[in-house]
Amino acid sequence: MTGIVLTPRGAFDARVDLTGALPGAADLERLSIGYGFRRVALGELFAVSGSGADRLTIAGGLPLLDRVAAGLTAGELVVDGDVGAEFAKGATGGVAIVKGSAGAYAASELAGAKVVIGGDVGERLGAAGDGSRRGMSGGAVVVGGSAGLRAGERLRGGVVIVHGDAAEGAATDLIAGTFAVGGALAGPAGRGMKRGTLLLRAAEGLASGFGDAGEHDLVMLRVLVRRSQELASFLGKDVARARRFAGDLNVAGKGEALIVA
Amino acid sequence: MILNGVEIRDSFAEAFPMVGTRLIITADSPKWAMIAAKTMTGFATSVIGCGCEAGVERELAPEDTPDGRPGVAVLIFAMDIKGLKAVVPLRIGQCVLTSPTSACYAGMEGGDVVSIGKALRYFGDGWQIAKNVDGRRIWRVPVMEGEFVCDHESGTVSGVGGGNILILGTSRGEALAAAEVAVDAMQKVEGCILPFPGGIVRSGSKVGSKYKGMFASSNNAYCPTLRAQTETKLPPEVASVQEIVIDGVSFEAVSACTKAGIEALVALGRDKGVVAIDAGNYGGNLGPYHFKLREIMA
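Top line first, the protein sequences correspond to chains A and B.
Residue 187 in our numbering sits at position 187 of the first sequence; the count goes up by one each step and never skips.
Residue 287 in our numbering sits at position 287 of the second sequence; the count goes up by one each step and never skips.
Since the hints were derived computationally from the structure, they do not count as laboratory data.
Check each hint, because a few of them may be wrong.
Under the rule of at most 20 Å between Cα atoms (straight-line distance), these lysine to aspartate or glutamate pairs were calculated in the EDC-like manner [stated by the list, open to error]:
#, chain 1, residue 1, chain 2, residue 2
1, A, K237, B, E252
2, A, K99, A, D130
3, A, K237, B, D112
4, B, K38, B, E180
5, A, K194, B, D125
6, B, K210, B, E231
7, A, K254, B, E147
8, B, K292, B, E231
9, A, K237, B, E7
10, B, K259, B, E63
11, B, K233, B, D10
12, A, K237, B, D134
13, A, K254, B, D125
14, B, K38, B, E7
A short, non-exhaustive set of chain B residues, derived as facing chain A with CB atoms under 8 Å [said to hold, decoys possible]:
#, residue
15, D67
16, A103
17, V133
18, D134
19, R140
20, G146
21, E147
22, V149
Glycine included, C-beta positions come from ideal geometry on N, C-alpha and C.
If we strip away everything but chain A, and leave its shape as in the complex, we get (with noise of 0.2 Å):
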């Protein structure tokens, strides 16, 4: 079944925000959503073709598409394009893919739901939304190229993984949760972060407060990958090893960034 697909029926003219647009939902052609300043049925803007409740397709995504699978519960919603902000907000079950890239806040107090986002993400992924005090609790993102500023601020649980870059500021004021750069830190990476995971391929771009604890062969890292799909691919089905760097010891964190190979 190739469930429901929304198709544009033209050019947007403004920013959509496309909440409560979520597989399942019941008679979609009429769901108010935001376009602009107004209010319109979804039908307006969209072609919505298909049936089934289980997966939500978005054909032809674009950045102007705000709030995507913001607040996903279960299903599985596919954009063949790109997305705007808040990709997947607060979401806490099923699957969210954006085949493109995505804007600022994806991910943001993602609570449980698995997230792959194939290009480039916009800052603050993972992170605390504004006037929020946490990130980012459970679930899992996988970013194929690399995050805007800020990613993983406050996260506080689940799996982040960034393929690419990292711009500056990634996990500041980190508390919890596993946080994975597969490129370069831009910046002051980790500063601030209490307890929590950050899995790097080089120390560089590390915040002043993290010391060298050695390198150690971690049971520990053996478990993840085991446990974890995302991390396996990231890490690794032999990885063991890893140089141990803990911090931010300026604020007597006790999280630790581990450099594998």
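We have chain A already, so just place chain B on it with the hints.
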């Protein structure tokens, strides 16, 4: 019923409900995984005196363990969940946490839970680290060697304790040799342990005693040296009896284990000194699980 010259007596083993859990103990080598497992399951032959019954269930290949290292599965049973919750963290803390290169994982899900890292993490004195991955919490406790890794907790199962067979042999040596063969066969059955030394009990007991405060005492009806002094269940040609006690995760597992043992003894036959196979019971009024030897071998 006589099979290969061995009498299968019209008797049954009477067993009791127990609560158990499975733990997976791993280490850098099979040797150290087994040392940790055997130490952790030591002094756990009978709930009467040990508070639990425990033993090695089977060895695990690296590909079958949570961290890809050699492992051993152990089963621990207690009379109730409260008892199990008391003994499991103690035994892991004293015998697995301390054993070089070891790690300890949950070996079953569901049921009530018993603490592993939930209790042991405090040994880390504040330096312990929790990781939540795929809905499961794992603990890393820093130790002088490196880190002790363990799951937060393990599930439990309503199991069966006290399955047994009695091997009536023509001599002490032959009864023991036969019991060893039976143990080898029975230990291949998944979901069961044989908690006594080497899987064998040479001092099977009856309920009660002439002395106040003794819950169990020597089963005089099966003691060959008392043949002239007490009612005996031993024919003249029997000079020694060995017992094998079985605890398992289900009635079916204990039944399969019982059958495996009897089949191995029957294969040895009367020529190897196995006269008869019997079972210990209390008249059928105490334990709800009855393993009838002849039905199992029918």
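Practice problem: So, D67 of chain B near chain A? Judge it on the closest CB pair being under 8 Å. | Solution: holds, 4 Å
Quiz item: Should the interface hint for G146 of chain B be scored as holding, given a Cβ-Cβ cut-off of 8 Å against chain A?
Solution: Given a least distance of 6 Å, the restraint on G146 of chain B holds.
Exercise. Grab the minimum C-beta distance from V133 of chain B to chain A and call the hint holds if it beats 8 Å, violated otherwise.
Key: holds, 5 Å
Quiz item: Going straight from one Cα to the other, do K254 of chain A and D125 of chain B come out at no more than 20 Å?
Solution: holds, 13 Å
Quiz item: Is it true that the CA of K233 of chain B sits at most 20 Å from the CA of D10 of chain B?
Solution: holds, 13 Å
Exercise. Take a quick look at whether K292 of chain B and E231 of chain B sit within 20 Å of each other, Cα to Cα.
Key: Roughly 23 Å separates the two Cα atoms, so the pair is violated.
Exercise. Quickly compare the C-alpha distance for K259 of chain B and E63 of chain B to 20 Å and report which way the hint goes.
Key: violated, 30 Å
Practice problem: Identify whether the interface hint at R140 of chain B stands, where standing means a beta carbon of chain A within less than 8 Å of its own. | Solution: Constraint on R140 of chain B satisfied, holds at 5 Å.
Quiz item: Taking only the CA atoms, is the gap from K38 of chain B to E7 of chain B under or equal to 20 Å?
Solution: Measuring from Cα to Cα gives roughly 35 Å; hence the hint is violated.
Quiz prompt | Hint validity - E147 of chain B Cβ closer than 8 Å to any chain A Cβ | solution = holds, 6 Å
Quiz prompt | 20 Å limit on alpha-carbon distance, applied to hinted pair K237 of chain A and E252 of chain B | solution = violated, 37 Å
Quiz item: If you draw a straight line from the CA of K38 of chain B to the CA of E180 of chain B, is it 20 Å or shorter?
Solution: Holds: K38 of chain B and E180 of chain B sit about 18 Å apart, inside 20 Å.
In this structure, the hints that do not hold are numbers 1, 2, 3, 8, 9, 10 and 14, in rising order.
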